[in-house]
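Asker: Each chain, letter by letter, is given below.
4 protein chains.
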Amino acid sequence: MAAGQPPNKRDVILHSAMQVFSRKGFHDSTMEDVAQEAGVGKGTVYLYFPSKQALIEEIFRYSINLYVDAVDKMSQDHTCLRTQLEAILVHVLAMAERNQQASGLFLEGATGMSEEFKGWVIDSKSILLDRYADLLAQATQRGQIRLVDVRMWAHLIAGGVDSLVTTVLWGKAAPDHHRLAQQVVDAWWSGLMSRELNA
Amino acid sequence: MAAGQPPNKRDVILHSAMQVFSRKGFHDSTMEDVAQEAGVGKGTVYLYFPSKQALIEEIFRYSINLYVDAVDKMSQDHTCLRTQLEAILVHVLAMAERNQQASGLFLEGATGMSEEFKGWVIDSKSILLDRYADLLAQATQRGQIRLVDVRMWAHLIAGGVDSLVTTVLWGKAAPDHHRLAQQVVDAWWSGLMSRELNA
Amino acid sequence: MAAGQPPNKRDVILHSAMQVFSRKGFHDSTMEDVAQEAGVGKGTVYLYFPSKQALIEEIFRYSINLYVDAVDKMSQDHTCLRTQLEAILVHVLAMAERNQQASGLFLEGATGMSEEFKGWVIDSKSILLDRYADLLAQATQRGQIRLVDVRMWAHLIAGGVDSLVTTVLWGKAAPDHHRLAQQVVDAWWSGLMSRELNA
Amino acid sequence: MAAGQPPNKRDVILHSAMQVFSRKGFHDSTMEDVAQEAGVGKGTVYLYFPSKQALIEEIFRYSINLYVDAVDKMSQDHTCLRTQLEAILVHVLAMAERNQQASGLFLEGATGMSEEFKGWVIDSKSILLDRYADLLAQATQRGQIRLVDVRMWAHLIAGGVDSLVTTVLWGKAAPDHHRLAQQVVDAWWSGLMSRELNA
DNA sequence: GATGAATGAGCTTTCATTCAT
DNA sequence: TATGAATGAAAGCTCATTCAT
Numbered sequence: 497m498a499a500g501q502p503p504n505k506r507d508v509i510l511h512s513a514m515q516v517f518s519r520k521g522f523h524d525s526t527m528e529d530v531a532q533e534a535g536v537g538k539g540t541v542y543l544y545f546p547s548k549q550a551l552i553e554e555i556f557r558y559s560i561n562l563y564v565d566a567v568d569k570m571s572q573d574h575t576c577l578r579t580q581l582e583a584i585l586v587h588v589l590a591m592a593e594r595n596q597q598a599s600g601l602f603l604e605g606a607t608g609m610s611e612e613f614k615g616w617v618i619d620s621k622s623i624l625l626d627r628y629a630d631l632l633a634q635a636t637q638r639g640q641i642r643l644v645d646v647r648m649w650a651h652l653i654a655g656g657v658d659s660l661v662t663t664v665l666w667g668k669a670a671p672d673h674h675r676l677a678q679q680v681v682d683a684w685w686s687g688l689m690s691r692e693l694n695a
Numbered sequence: 497m498a499a500g501q502p503p504n505k506r507d508v509i510l511h512s513a514m515q516v517f518s519r520k521g522f523h524d525s526t527m528e529d530v531a532q533e534a535g536v537g538k539g540t541v542y543l544y545f546p547s548k549q550a551l552i553e554e555i556f557r558y559s560i561n562l563y564v565d566a567v568d569k570m571s572q573d574h575t576c577l578r579t580q581l582e583a584i585l586v587h588v589l590a591m592a593e594r595n596q597q598a599s600g601l602f603l604e605g606a607t608g609m610s611e612e613f614k615g616w617v618i619d620s621k622s623i624l625l626d627r628y629a630d631l632l633a634q635a636t637q638r639g640q641i642r643l644v645d646v647r648m649w650a651h652l653i654a655g656g657v658d659s660l661v662t663t664v665l666w667g668k669a670a671p672d673h674h675r676l677a678q679q680v681v682d683a684w685w686s687g688l689m690s691r692e693l694n695a
Numbered sequence: 497m498a499a500g501q502p503p504n505k506r507d508v509i510l511h512s513a514m515q516v517f518s519r520k521g522f523h524d525s526t527m528e529d530v531a532q533e534a535g536v537g538k539g540t541v542y543l544y545f546p547s548k549q550a551l552i553e554e555i556f557r558y559s560i561n562l563y564v565d566a567v568d569k570m571s572q573d574h575t576c577l578r579t580q581l582e583a584i585l586v587h588v589l590a591m592a593e594r595n596q597q598a599s600g601l602f603l604e605g606a607t608g609m610s611e612e613f614k615g616w617v618i619d620s621k622s623i624l625l626d627r628y629a630d631l632l633a634q635a636t637q638r639g640q641i642r643l644v645d646v647r648m649w650a651h652l653i654a655g656g657v658d659s660l661v662t663t664v665l666w667g668k669a670a671p672d673h674h675r676l677a678q679q680v681v682d683a684w685w686s687g688l689m690s691r692e693l694n695a
Numbered sequence: 497m498a499a500g501q502p503p504n505k506r507d508v509i510l511h512s513a514m515q516v517f518s519r520k521g522f523h524d525s526t527m528e529d530v531a532q533e534a535g536v537g538k539g540t541v542y543l544y545f546p547s548k549q550a551l552i553e554e555i556f557r558y559s560i561n562l563y564v565d566a567v568d569k570m571s572q573d574h575t576c577l578r579t580q581l582e583a584i585l586v587h588v589l590a591m592a593e594r595n596q597q598a599s600g601l602f603l604e605g606a607t608g609m610s611e612e613f614k615g616w617v618i619d620s621k622s623i624l625l626d627r628y629a630d631l632l633a634q635a636t637q638r639g640q641i642r643l644v645d646v647r648m649w650a651h652l653i654a655g656g657v658d659s660l661v662t663t664v665l666w667g668k669a670a671p672d673h674h675r676l677a678q679q680v681v682d683a684w685w686s687g688l689m690s691r692e693l694n695a
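Residue numbers (the working numbering), protein chains in the order written: chain A, 497 to 695; chain B, 497 to 695; chain C, 497 to 695; chain D, 497 to 695.
In case anyone wonders, no lab produced these hints; they're calculated from the structure.
Please note: incorrect hints may appear among the correct ones.
[Stated by the list, open to error] Computed list of chain B residues with no C-beta within reach of chain A, every gap over 10 Å:
| # | residue |
| --- | --- |
| 1 | V536 |
| 2 | K538 |
| 3 | Y544 |
| 4 | A550 |
| 5 | K569 |
| 6 | A590 |
| 7 | D626 |
| 8 | R638 |
| 9 | P671 |
| 10 | W684 |
[As the list claims (entries may be wrong)] If the Cβ cut is set under 10 Å, some of the chain A residues that face chain B in the computed set are:
| # | residue |
| --- | --- |
| 11 | F522 |
| 12 | H523 |
| 13 | D565 |
| 14 | I623 |
| 15 | M648 |
| 16 | H651 |
| 17 | L652 |
| 18 | G655 |
| 19 | L660 |
Remember, predicted model here, so these are calculated numbers, not experimental data.
Ideal Cβ positions, reconstructed from N, Cα and C, are used throughout, including at glycine.
Take these sequences, add in the hints, and give me the full structure.
Answerer: Listed below in structure tokens is the structure:
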């Protein structure tokens, strides 16, 4: 009665859809499943989302934003690339554990998706790669790392994060995210650090 | 009768399925599509594969094997980890370009897949991670790299490879695979190399 | 407050329904459409009409009455069959042009209607045929026309009127209704007129 | 085994659809109904007709052709307009009795049909009006009738035929089609015949 | 072996109707 | 009175799978 947001029905449905899609897969989930999970009638889902396709797209949008926002926030909270990367990793791993659905749907990729759908995922991933590249470019300007191919390194970082998060999602990851993050960034660091600092 | 492999009908269907699934997505492809692509009747597909599910599983099996075999072959052909990794990268990138379907289906992951299906993909990826871990362990024993967390490094390498290959599949990669491979391995190397060699 | 009829809400809804049904077809119109056209809430429609079916039936009732009333009025206003028919035609054509919805819904018939529905239309058309037959019988008694099969002639007249009105509804009719009516009645007249007058 | 055409499955479905649509109305009939009536599975209907809409359109096409063909044949079989009209009437009435579905669906019109659908019906009716107008024009050239507005007369004839046939379809018509036809044509004739012949 | 016509379970989506406010 | 969010029955349509030929 007193506290918390009123349980917005649209959000309830959105999260239920994430749960269901993540559990049974998009195509093997029915709108009936989603409605049941949300505790509403089938027609109600259509009151908030015009189609099943719109529902999955909204989920993708939501997921990518969650990820990008995390990267942005961690970037602003710190000024040292090393700390930034560590913070991002810790945050993303935590997010993955808390919010398996969203992360999973976004990170797992797009097997069996139609071209149109795939385009969506590609665009989303591009945004992230850009963010990582920006981060690296800024660190270069600050002299924190040497001159590297930022696009390539963005790939290595994004790929590594993906791989680690996937492991978390699949419940096989080490529980100590801080230590894991440190190790990973350490591994990247040798390749990134400026020669002078290296010396 | 005389030359080449006899055009095994099962393989024709398998490759046609890859083409179709890769183009339209698994769920949006029909068995009719597959049959047409293979130039056979719909019933014939069922003569060689008991179900659509069996077909996609066979494709996954095939794809992962293609990948693992490549890793194995490159591992045996070379004795230096650096060279091994470079060779693997070059080979896998080439494979991705040649055989977009198989690689794509395997690498792109599993969004919207059902749990059962996902298990398949996880197992497949585990096999690869094991291979990379083995490679690193052997290199450690040979003193080529220092003592690192091989599981973590396996993740970084596998993830990086995935990310790069995905780019190739999406037609955005640099055309010079050799140079790209060298750069990538270089990046990894600083983190991997034994202190002594580093000095 | 002072002048005109009070804008009876039931009538507003009825006319809105006519508009909508006539524009989009009965089955392709939703109760939501009707409510929106009437500027009321969906629930309000149900306050005045128990169901969609009841709504269309009321429209039919209204439409047939409009038609029959016209025939009755023109019959009373004139005493010569020729003038009566001409007046009816002119009136009905004008009505069709003014009130496309009602006329259209009634005259266009009943393709794809269910038996139950069809019964309604049949009954309605019967009423009209009776009116025409009465008109002819009276003219016979007055000696204005010779002894003819009034039922058959009622069909010919009703059918002809239908066909002409349909053309008006479809926007292909001549604009001069008076001339058209005269021509049509002329055409009928030769067959109807009493031999004596003919001579 | 020996005689008759092989029972073409497409035709079986088409006729079943006519039966069902005519009985329950287009919108109140389901594809399941049609399939059941035809004694086939639901999917089989879609093997021969791509959609419910396509099915009704095919029925319309079929019906209008049945009607137009009858008019054409009777026109060619006779050279005197009077005989032509009588033959057409007799033929069409018989057709209506034999093949209630097709005739009914075509003749009853288009209440509650969507605009698009209505266009179809209008076009179909136009074809018929043209045929009647041609018939009248030819008779005028042959001097069999005087100079009349052939479009208007086409309307009167078409409308009258419609009205009569509708009565037959609704089971209220006189059983003696020949006599009925003669009476009707008689009625028209006075208005049509050339003055000279009239004298 | 090879085929493709036939099937029906099961999907997404619509919408007349209800009812708490 | 008036409303519109909520509902679920029911529709059109798809397609993996079967089987007579």
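Asker: Evaluate each hint against the coordinates.
Answerer: Structure-based check of each hint:
no.: 1; hint: V536; result: 22 Å, holds
no.: 2; hint: K538; result: 20 Å, holds
no.: 3; hint: Y544; result: 21 Å, holds
no.: 4; hint: A550; result: 15 Å, holds
no.: 5; hint: K569; result: 23 Å, holds
no.: 6; hint: A590; result: 18 Å, holds
no.: 7; hint: D626; result: 12 Å, holds
no.: 8; hint: R638; result: 20 Å, holds
no.: 9; hint: P671; result: 14 Å, holds
no.: 10; hint: W684; result: 7 Å, violated
no.: 11; hint: F522; result: 3 Å, holds
no.: 12; hint: H523; result: 4 Å, holds
no.: 13; hint: D565; result: 20 Å, violated
no.: 14; hint: I623; result: 14 Å, violated
no.: 15; hint: M648; result: 6 Å, holds
no.: 16; hint: H651; result: 4 Å, holds
no.: 17; hint: L652; result: 4 Å, holds
no.: 18; hint: G655; result: 3 Å, holds
no.: 19; hint: L660; result: 6 Å, holds
The structure is inconsistent with the numbered hints 10, 13 and 14, although it conforms to all the rest.
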